[in-house]
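Residue numbers (the working numbering), protein chains in the order written: chain A, 8 to 281; chain B, 8 to 683; chain C, 286 to 447.
Derived from the structure by calculation, the hints contain no laboratory data. Source: prediction; values computed, not measured. Note that beta-carbon positions come from the ideal geometry of N, C-alpha and C, so glycine has one too. Any given hint could be a false lead.
[Unchecked claim] So the derived label-pair ranges between C-beta atoms look like this:
1) B:S535 x C:S405: 53 to 61 Å
2) A:I177 x C:S405: 25 to 33 Å
3) C:P406 x B:A637: 28 to 36 Å
[As the list claims (entries may be wrong)] Chain B stretches covered by chain A per the calculated footprint, using a threshold of three residues with CB under 8 Å from any CB of chain A:
4) 556 to 565
5) 671 to 680
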Amino acid sequence: MLASEIHFPKDLAEALELIRRPGILVFAGGTGILREQGGRGISLPGEVLFIREIPELRRTSLTERFLEIGAAVTLSELLELGETALPPLLAEAVRGIGTMAIRNLATIGGNVASRGRFMDCWPALACLDGLVELRDRGGATWMNANRLLGEDGKPAFPEGGLITRLRVPIERWDAYLLRKVGPSDFPAPETAVFAFAARAEKGILAEARIVFAGEIALRSHSLESTMIGRGLPLSAREAATIAEGYRTLAAPLPEGLALQFGVLVEGALGLLSR
Amino acid sequence: MLYVATIRSPSARGSIRSLRFPTLPAGYRSILPADIPGRNRIVSFGAEVPILAQDRVSYVGEPVALIAGPDPALLEELAAATKVVCDEEEPYLNWESFSSDQVAAKRVAVVGDPDLAFSIASSVQEEVYTSGAIEHYYSEPQGAAAAYDYDKIAVWCATQWPYHVRDSVALALGCRAEEVSVRPTRLGVHLDGKLWYPSLLACHASIASIACGRPAKVLLTREEDFRFTPKRVRSSVSVRAALGKGGELSALDVRIAINVGAYGPLAEEILSQAVIACTGAYACPNLRVEGYAVLTNTPPGGAFGGLGASHTLFAMEAHANRLAMAGGEDPADWKARNVLRKGSRLLTGEILKEEVPYDAIIAHLAAASDYRRKYAGYELVRKRRSGRADGPLRGIGLAFAYQGAGPFLSGDASNSYTVEATLDKDLRLRIFTSAAGGAGGVMDIWRGSAAAILGVGLESVSIAPPETDQVPDSGPSTLSRNVSVVNRLVERACEAIQKRRFREPLPLTARAAYRVPKPIKWEGGQVSGSPFDTAAWAGAVLELELDPWTLEPRPLGVWLCVDGGHVVAPERAAAALRSGVADALGACINERFDPSGGGAGISDYFRYGLLPLHELPPIGIEFVEPERRAPVKGIGELPFDTVPAAFLSALSQAADAAFSSLPVPTARLIGALGAP
Amino acid sequence: MTVSFILNGEDVSANVRSVDRLSDILRDVFGLVGLRSDCRCGRCGRCFVFLDGRLVPSCIVPAFSARGREIITIEGFAQTEEYRDIAEGFKAAGVETCGFCEAPKILALADLLERSSRPSPREILAQISAVPCRCTDPDAIVRAAQAVIERRAKRIYRRAGQ
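Generate coordinates for the entire structure from the input sequences, incorporating the hints supplied.
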């Protein structure tokens, strides 16, 4: 097994210099990388950027409008922020990840930056229109988390940058639902997370968002916009029509997941029909 | 110490064309079949398994060579760099329909006149029930170590059968059995996954140690263990049942196919146990049963919490519930009408001499779970439901079965086992047995029995380490022999000492040997003999609902009521049964993988997990009052004998669909539920 | 590379390769065989250690990432009062394990009780699920945790009264 060169940058500037090296692997908690390597020795690329020691990446701050989280904050640390700081949709998603031991290692940045499939934090973040800060030597860009969804439904994480912070809007939601389906302690093809949030104003549906993500993700802004502006509660016919639209959207999913997605959409719409 | 890595076949079936090692550094060497000093075989119940495949391979992952060396990380790299090339042949993967080449064992039995009974039956129902592969997930992955110890080769491994390890290593090394000393290590929870496979690893370690002249250790990672060691065999049981006018079970036609993988080391025993148990807990005057153990090019299948009975007990219980529901009857009443009673004739012709505590068990269960009312209520909802969203999706299932303890049924010659005890001058008793204690308190049972007979304190009774050069052969620790056979032998040895101790000087030693009273014989479509020495009985009720958001099944409660005879330590037994129920629930809900493609892949390994504890429902365990002087009975298999059938029935009721295997795939479950 | 860290209260160093798992270094270099390196994917819990006060599966922690951090294994934890509380709690509740999972279960319970003074039965079981084992009796584990909580409460009251 070939040895890797491990870099331990002390600050962000140093990390951003190193991130330019071709093929370098960003390593924070490492759970995404190491949970699927069974051999005696661990296999890493030629160069590794170990970012855990960078203080800027481990801070959190809360304002009236958003919660800002450093990318190397662990999932356990996130949960310890408590219910007043952490939006319930995101808290529910984090609680369902692995075991507490995994959450003690895994970071929010690593979870969102997953390349092979969507991990559990992304659907909650996308549903809340959370933002992700990507930095390279040229500067920083804040990106809506939904931009990490490619046209093919798969993760489309931009190469060459480093996730440094995430911002989660602090907003009032009148109804929300987060459910994980499939094996809960290990991301399998049948594992996916359903996130739903809705807000009403004066009896009218002002916001409604549905995100479903596992190996591929589903979100339709056009279906969401057909819901907005409707009077609440939704009629049975309205709910059925919207649900049918989502069932069509679910066509790329494996049969079992598509059916579960359909049931969850019905359940979410049911919350708006009471 | 040298570590040993295994070079494995990449092909399911074929001949080995070439085996190329990378350049091995100093201190590392390869070990090939030609390096085996004795026979390149271990023998298990008449089947032979190569220690290292030579010329031909029979499953992906089959050991073909070894590499030994001091650095386990480097060894792993060297093993990964070793190339095995096979001329592949089409593997035998089909087992539910199969060719005659694939039959490792066949058992047929006919009782009465099933053809006539079917021809005059009031109703006939048929279904095929399948059981999937389950991983043992025992406490510790398998491994073995070996080293010279003066004039012997010492072998360390966790094994249920130390003497099988001894004899296998002796055969492999071409030495006398007395020159091998097996020193079993802690076994933990094994679920019968360490019955014969440790012998294979012990041979690997021993051969490497002899070849290299140093101590050698084989340690499988959990991944290797998951992918390449025996899993619970898969089965397909077709049950066709005839009912008479009064709903009495008049005939059964059962066809069993069990996928025993390559070589079939336990094929005969698993099949025999499955066939004997095929009528479940029911009396049936007319029966035809045909069972096949089918060889396939997958890793050798194994025992799991018993040796085959749970497959047919599951099928028969699930079918009994289906028959009851089809007839609009509460399954508890159907069972009451058809259950075995004292005096019933068993499949083997033996008359059942003990009472079957069905009524007492059902009474306990009904009281604890409110089964009757719930069953009736959920049936009403099921029949009236117009759509998925119309009413709660709940169901409740009941199952009743037994666990037999005693001899092997396949006529294995070594059905003769011994325990020795010695009382010394200080009135300390030492028990000598090769039986392995596992995780439970079975050793406390032996000590308690001995102490009670000799009138000494528990602290005066000890058990010698089960090293084969110190203890006699007490047979494999399976089929609950530890609490039935071995405990009885401990009692008999102590009784013999007790008779002599006031007439003869101490120390005194006594031996007690067990011989199968009426070995099972299979001849010309008839089976005769004693299927078990004792039988424990149990009923299980399971209530579940389908999660309103995801439609995944969520158990709400499990109640298990057991007649375990004389239960020596009820709290400990209840704890073991609770763990067993948790395991059985896992198998019903999420423990699944499909080795039908030739074996378990690495992604199957990563995805496999036990049911998280916080997802368990409340589990109630009760014991019925035993009869006077009831023996100690084995009860560890009862959760698996009952809970899956109860789960299947509850799920079928909740979903208003007839399921016949577990776990039920999500797509199938939601599809069956239909529109809201 | 040389990695320095605090191990069971002592400053130590080890030569590690980038391929080395922390669990293997702790076992093979420091002889701390109270933990095992079985599953290599962070699921079985047998490799649990405290890393900067957090319970982690050391089999998926690269040895290089231990630099400058504090590690406590079961051997170190066994010297503490907290360990004795839990061992007594297990005994009082009749918890019997297969022997292989006892150490990680003790660490898991210690971790939970450090963060939550009165966890619910569901929280206790969720925590112990990080050490999946076929020997686990869910009722006994919950009783054990409750016994530990009581034992600690009594000690606090005793000390307060002194």
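Quick rundown of the hints versus the structure:
1. B:S535 x C:S405: 53 to 61 Å: holds, 57 Å
2. A:I177 x C:S405: 25 to 33 Å: Holds, since I177 of chain A and S405 of chain C (Cβ atoms, about 28 Å apart) stay within the stated range.
3. C:P406 x B:A637: 28 to 36 Å: holds, 35 Å
4. 556 to 565: The restraint on the segment 556 to 565 of chain B holds, since 4 of its residues have a Cβ under 8 Å from chain A and three suffice.
5. 671 to 680: holds (count 5)
Of the numbered hints given earlier, the model fails none.
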